[in-house]
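*Asks:* Using the hints, position chain B against chain A.
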Amino acid sequence: MGMTMTQKILAAHAGLPEVKAGDLIMANLDLVLGNDITAPVAINVFKGIDADKVFDKSKVALVPDHFAPNKDIKAAEQCKQVRCFACDQEIENYFEIGEMGVEHALLPEKGLVTAGDVVIGADSHTCTYGALGAFSTGVGSTDMAVGMATGKAWFKVPAAVRFNLTGEFPEHVSGKDLILHIIGLIGVDGALYESMEFAGPGVASLTMDDRFTVANMAIEAGGKNGIFPVDDQTIAYMEEHAPGKEYTIYEADPDAQYVQTIDIDLSQLKPTVAFPHLPENTKTVDEIEEPVVIDQVVIGSCTNGRFSDFKKAADIMRGKHVKKGLRVLIIPATQQIYLDCMEAGLLKDFIDAGAAVSTPTCGPCLGGHMGILAAGERCVSTTNRNFVGRMGHVDSEVYLASPETAAASAILGRIASPDEL
Amino acid sequence: MNAKGTVFRYGDDVDTDVIIPARYLNTSDPKELASHCMEDIDKDFVKNVRDGDIIVADDNFGCGSSREHAPIAIKESGVSCVIANSFARIFYRNSINIGLPILECPEAVSAIKAGDTVEVDFDSGKITDVTTGESFQAGAFPEFMQELIAAGGLVNYINRDIENAGKQD
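Chain order of the listed sequences is A and B. Each residue of the first sequence is one higher than the one before, starting from 1 at the first, in our numbering. Each residue of the second sequence is one higher than the one before, starting from 1 at the first, in our numbering.
Just so you know, these hints were derived from the structure itself, not from any lab. The structure presented is a predicted model; accordingly, all values stated were derived computationally and were not measured. Here a beta-carbon is modelled for each residue, glycine too, at the ideal position from N, C-alpha and C. Honestly, I wouldn't trust all of these hints.
These stretches of chain A come out as covered by chain B in the derived footprint (C-beta under 8 angstroms, 3 or more residues) [stated by the list, open to error]:
id	region
1	44–54
2	139–148
3	199–208
4	363–374
5	383–391
With a cut-off of at most 16 angstroms between alpha-carbon atoms, the simulated EDC-like pairs for lysine to aspartate or glutamate come out as follows [to be verified]:
id	chain 1	residue 1	chain 2	residue 2
6	A	Lys-311	A	Glu-171
7	A	Lys-320	A	Glu-171
8	A	Lys-324	A	Glu-289
9	A	Lys-156	B	Glu-147
10	A	Lys-323	A	Asp-352
11	A	Lys-110	A	Asp-295
12	A	Lys-74	B	Glu-32
13	B	Lys-4	B	Glu-147
14	B	Lys-167	A	Glu-96
15	A	Lys-80	A	Glu-96
16	B	Lys-43	A	Asp-395
17	A	Lys-74	B	Glu-104
18	A	Lys-110	A	Glu-246
19	A	Lys-156	B	Glu-143
20	B	Lys-113	B	Glu-134
21	A	Lys-47	A	Glu-96
22	A	Lys-53	A	Asp-88
23	B	Lys-126	B	Glu-104
So the derived list for chain B, only partly shown, Cβ under 10 angstroms to chain A, looks like this [claimed, not checked]:
id	residue
24	Thr-6
25	Thr-27
26	Ile-72
27	Glu-76
28	Tyr-92
29	Ile-98
30	Glu-107
31	Leu-148
32	Ile-149
33	Asn-156
Pulled out of the complex, with its shape left as it was, chain A reads as follows:
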């Protein structure tokens, strides 16, 4: 029986000629990731394992990005614990403040993930690297600890949903609108335990940044991973960011089994927003009847904190000013993206427009720091979750959108389509 792309990668890493959906396997890991929230728990668990050293100090990545730069004394203690562990274990890929970025933007940029890899991360958005044709998935701290000790993780081989993409995005529509559309279509558990495999002629028109955004939010549909086929764009990205690192291109078998195939014509998509309090509560902006007046806009995160995201937002905000009384936070996801934005003049555009620009952090996305909402406040955010209390007070609201929609909303002070400017 044919295998999906995900199944082929898992079979190869488990040393098996074939796997099928439902099989329980032990797979070898190419990278194990943790951050300042999840790594402390994993380090405590690691101490209880009969192993003195991590399995491979070049295959563990530790990124203090969530409550860093340290938001309070407790966060400082957690970051310190991660730093000390990295030092003791001589972890090669520990990224200190000044070189760190939001983990899922940082790792691909640093060339730590390439096609065909199996990656686990103690962060649910680890599924981002599927954009590169890798199998990557979020796990908890115990899995991370055992992964660091043994270089292995257990997996139940997933079945897959295939998304057959055709056409090209209209103007002002991007990867975020596509993935929000999909989550609205299938629901927050629509791909529970399953792979989301993206395929079809439409894939070629998606930039790498679009693909990172789409794969990043596979978890918001319950997916185990999201994965894209490897094409010329993927290879060009890997050659730029990971020169010399080996990669393997896996392709789904023609007779691979899918639990369902969903056709999506990219040319029919419109700017889309997820209303509180689930990512599945989607509406296209033109379906919004009553104006949704907002207090804050956040543009950044592992979902939409890459250069092209800021370029699109700046193109909308340039020469205009954010609505009086509105707070707008611009958070480039890595130092390199920050520099690229600076050199392209985008940071000046944002500051001239009345926005604040921050050093990389996950901060506001999970209600950590740098942009917490008060009771009754509303935020349009390019992040990935809008659960109750996600960005602050339980009575605040988060609306998920693309950078272009967020930028237009920043100017008009209400949820707005880029077409309105």
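*Replies:* Frame of chain A, contents of chain B only:
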């Protein structure tokens, strides 16, 4: 192994942000995490929960973040078991890895009400609503997961493996 307790009943898509809000993730101390368990969805949970109590929820329990702090907070609060129609996958594996019993059983979920007393036999998967006298059968775990659960979680399981490998050398 058996569990018996009073039921706390929740709906669909109970996410990890309401199980343990991120504002409390600046600590990994289980007791401190447990003191804020379910705070954003049920302010009275921490006050009312007793050792052995059981959470029953509808679809997709534990969706969202990978934070293991969520099942840790639930376990440390004294909850003996979570029964749901389905679990989000990271929560599912985290629970098994740390030894928090979870059961998928839609029949039980649709019948059990908040405040009922429920008894669970983990060996057989039998769930009994003592209040109404009804019984339900949860699906069995695959053999590998049964081994993980029997070992007391992933760390014990792996340590046994490492020990066995050492004996073979």
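*Asks:* Each hint needs a verdict: does it hold in this structure or not?
*Replies:* Against the structure, the hints come out as follows:
no. : hint                  : in the structure
1   : 44–54                 : holds (count 6)
2   : 139–148               : holds (count 7)
3   : 199–208               : violated (count 0)
4   : 363–374               : holds (count 3)
5   : 383–391               : holds (count 5)
6   : Lys-311/A / Glu-171/A : holds (14 angstroms)
7   : Lys-320/A / Glu-171/A : violated (20 angstroms)
8   : Lys-324/A / Glu-289/A : violated (23 angstroms)
9   : Lys-156/A / Glu-147/B : holds (15 angstroms)
10  : Lys-323/A / Asp-352/A : holds (13 angstroms)
11  : Lys-110/A / Asp-295/A : violated (35 angstroms)
12  : Lys-74/A / Glu-32/B   : holds (12 angstroms)
13  : Lys-4/B / Glu-147/B   : violated (23 angstroms)
14  : Lys-167/B / Glu-96/A  : violated (40 angstroms)
15  : Lys-80/A / Glu-96/A   : holds (11 angstroms)
16  : Lys-43/B / Asp-395/A  : holds (14 angstroms)
17  : Lys-74/A / Glu-104/B  : violated (36 angstroms)
18  : Lys-110/A / Glu-246/A : holds (14 angstroms)
19  : Lys-156/A / Glu-143/B : holds (12 angstroms)
20  : Lys-113/B / Glu-134/B : holds (12 angstroms)
21  : Lys-47/A / Glu-96/A   : violated (23 angstroms)
22  : Lys-53/A / Asp-88/A   : holds (9 angstroms)
23  : Lys-126/B / Glu-104/B : holds (11 angstroms)
24  : Thr-6                 : violated (24 angstroms)
25  : Thr-27                : holds (6 angstroms)
26  : Ile-72                : holds (8 angstroms)
27  : Glu-76                : violated (13 angstroms)
28  : Tyr-92                : holds (8 angstroms)
29  : Ile-98                : holds (6 angstroms)
30  : Glu-107               : violated (19 angstroms)
31  : Leu-148               : holds (8 angstroms)
32  : Ile-149               : violated (13 angstroms)
33  : Asn-156               : holds (9 angstroms)
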